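Enquirer: This is what each chain is made of:
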Amino acid sequence: MPRRASPRGPRLHPLGDAAALVELGRRVDTALNTRAIGLAAALRKRRGVREAVPGYASVTLHYDPEQVTLAQLQATVRNLFRSRPAPPVPGRLHRIPVTYDGPDLEDAARALGLGIGELVRLHTTPTYRVFMVGFVPGWAYLGPLPEPLRLPRRSVPRTQVPAGSVAMAGAQTGVYPLPTPGGWHLIGRTDLPMFIPDHDPPLLLRTGDRVKFFARN
Amino acid sequence: MLRVEKPGLHCTLQDLGRPGHRLAGVPPGGAMDRFAIAAANRLVGNPESAGALEALLEGPALVALEGCLVAVGGGDFQPRVNGVEAPGWTAFWLAPGDRLSFAGRRSGARAYVACAGGLAGDRWLGSVATYQLVGRGGLEGRPLRAGDELALAAEPAHPAVVGRRLPEDRRPAYGDEPDLATIRGPHFERLGAASRRRLFSTWWEVSREADRMGYRLQGDPLELRGEELISFGLAFGCVQVPASGQPILLMADHQTAGGYPAVAGVARAALPLAAQLLPGRRLRFRETSVTDAQAEWWTLRAQLDAIA
Chain A
43 MPRRASPRGP RLHPLGDAAA LVELGRRVDT ALNTRAIGLA AALRKRRGVR
93 EAVPGYASVT LHYDPEQVTL AQLQATVRNL FRSRPAPPVP GRLHRIPVTY
143 DGPDLEDAAR ALGLGIGELV RLHTTPTYRV FMVGFVPGWA YLGPLPEPLR
193 LPRRSVPRTQ VPAGSVAMAG AQTGVYPLPT PGGWHLIGRT DLPMFIPDHD
243 PPLLLRTGDR VKFFARN
Chain B
2 MLRVEKPGLH CTLQDLGRPG HRLAGVPPGG AMDRFAIAAA NRLVGNPESA
52 GALEALLEGP ALVALEGCLV AVGGGDFQPR VNGVEAPGWT AFWLAPGDRL
102 SFAGRRSGAR AYVACAGGLA GDRWLGSVAT YQLVGRGGLE GRPLRAGDEL
152 ALAAEPAHPA VVGRRLPEDR RPAYGDEPDL ATIRGPHFER LGAASRRRLF
202 STWWEVSREA DRMGYRLQGD PLELRGEELI SFGLAFGCVQ VPASGQPILL
252 MADHQTAGGY PAVAGVARAA LPLAAQLLPG RRLRFRETSV TDAQAEWWTL
302 RAQLDAIA
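Order-wise, the sequence lines are chains A and B. Quick note: the first sequence uses the working numbering, first residue 43, plus one each step. Quick note: the second sequence uses the working numbering, first residue 2, plus one each step.
Hints listed in this document are in silico derivations from the structure and should not be mistaken for laboratory results. Quick caveat: nothing in here was measured; it's all calculated off a predicted structure. Glycine residues also receive a C-beta, built at the ideal position from the N, C-alpha and C atoms. Careful, some of the hints might be misleading.
As the list claims (entries may be wrong) - Derived Cβ-Cβ restraints for the label pairs, each shown as a range: (1) B:G136 with A:G133: 47 to 55 Å; (2) B:D177 with A:S125: 48 to 56 Å; (3) A:Q114 with B:D170: 45 to 53 Å; (4) A:I238 with B:R302: 48 to 56 Å; (5) A:E108 with B:W204: 32 to 40 Å; (6) B:R283 with A:D240: 40 to 48 Å; (7) A:Q114 with B:R107: 41 to 49 Å; (8) A:D233 with B:V85: 38 to 46 Å.
Between the sequences and the hints, there should be enough to build the whole structure, so can you do that?
Expert: Here's what the structure looks like:
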């Protein structure tokens, strides 16, 4: 079972016979995430590594077993982990305009014991970090959300959330890139597309980028 | 060129998918049964990655507007040319005006129709695979409709060789109740002791919630321990266990990240077997090692390479 990194470095755990997961920790933590992004970037240059996708505090590797074995990749991961990590690349900063009129805005404010103005002020204060991208195309997991805004997910998820909805749940916030089901609290919306199918990569927010929301209303 | 006379239940253009874009949250996509599409393509002289049709449960009816070499692989839907039985897993010729149809599903869930030259479609991120969630690839990102015309992507290989065939003993061990070669995943030890044994011994039924994204399985619920995980990247074949204890098997259009424990991963060699399962069918996870699973895949791959 993956735990905190042992002195020999983190273990690589198979995800089937052509992918593996390296867990660097179990916390939402900027330093761990920076480490994961750096490790993924270094692994991507290695022979036989097809994709290296950073998670909050992990890297998922997709490899070609004809070119590299799991044991060789394990050794590579340990060597990279022992060596000094490359300095983090400062992510791009995005300023995202939000109309704060989401269907859950009033309920969320009430549940948090905040006025709507206060909720908006708190949501627009931090510069959030894109900890990871995934789930559906263009979905960026942003955080950490200020403590006073943290709510559990909705007990009944919506079957369809419109694209562009600005939402929050737990310590996370984000923008729905596509119309999908969702259980987060919808507090606003933006016209800025998150999923841009004709771009390469086809998304606005990339892992490691920074995001600041500002209120249009 | 082929004209779609009847689209069938849910027939999409697929290929071997668009790996390499998980960093943008884009799943690999492509054919659910990668062996069958690769074999059908090779039988007509195409590269394995050419565009071909994936028909779910019910085949389409297609009319050849010009002569072309085709092959059908995957589930047995009983192909017919002008009403006359045509062989599966075999290249045959359609003359202009010939009609390829299917008499009905006899086994499997997905049949693949390849055409020499490969079928053309909207290319997105290097692949013509239909990805309905974002409406990209294939024909405007949607299943076939009556009246659609399918063009060839390239000049067919010459000469067209009729009768090239993949015998049954060189295909995956398809069946209604397959054992899927499966490897313990990173969070296997989050299962209680009894659940660890049960994961690899009991039957799991494919529920009605089974599509190109994944299959929800039903059985005696598995018991999980430990706190919630933070999200991490996933792979085709991952077996995740949500709080309900009912596992989810991730398929071609799977979500690229999630936080449910990944207790196991189905081997590439076993994914074609999973792709041919319908709701109500059962499967078992047979525990294997990474190296044995890779060896199984190479054995299967050798069958493709033997299609000269």
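Enquirer: Now look at each hint and say whether the structure bears it out.
Expert: Hints, one by one, checked against the model:
1. At roughly 29 Å, the beta-carbon separation of G136 (chain B) and G133 (chain A) lies outside the given 47 to 55 Å, and the hint is violated.
2. Between D177 (chain B) and S125 (chain A) the C-beta distance comes to about 51 Å, which sits within the given range of 48 to 56 Å.
3. For Q114 (chain A) and D170 (chain B), the hinted distance range of 45 to 53 Å is not satisfied, since their beta carbons lie about 34 Å from each other.
4. A hinted range of 48 to 56 Å is violated for the C-beta pair I238 (chain A) and R302 (chain B), which are about 36 Å apart.
5. A hinted range of 32 to 40 Å holds for the C-beta pair E108 (chain A) and W204 (chain B), which are about 34 Å apart.
6. The beta-carbon spacing between R283 (chain B) and D240 (chain A), approximately 43 Å, falls within the hinted interval of 40 to 48 Å.
7. Checked against the given bound of 41 to 49 Å, the beta carbons of Q114 (chain A) and R107 (chain B), roughly 44 Å apart, stay inside it.
8. Distance hint check: the CB atoms of D233 (chain A) and V85 (chain B) are about 57 Å apart, inconsistent with the given range 38 to 46 Å.
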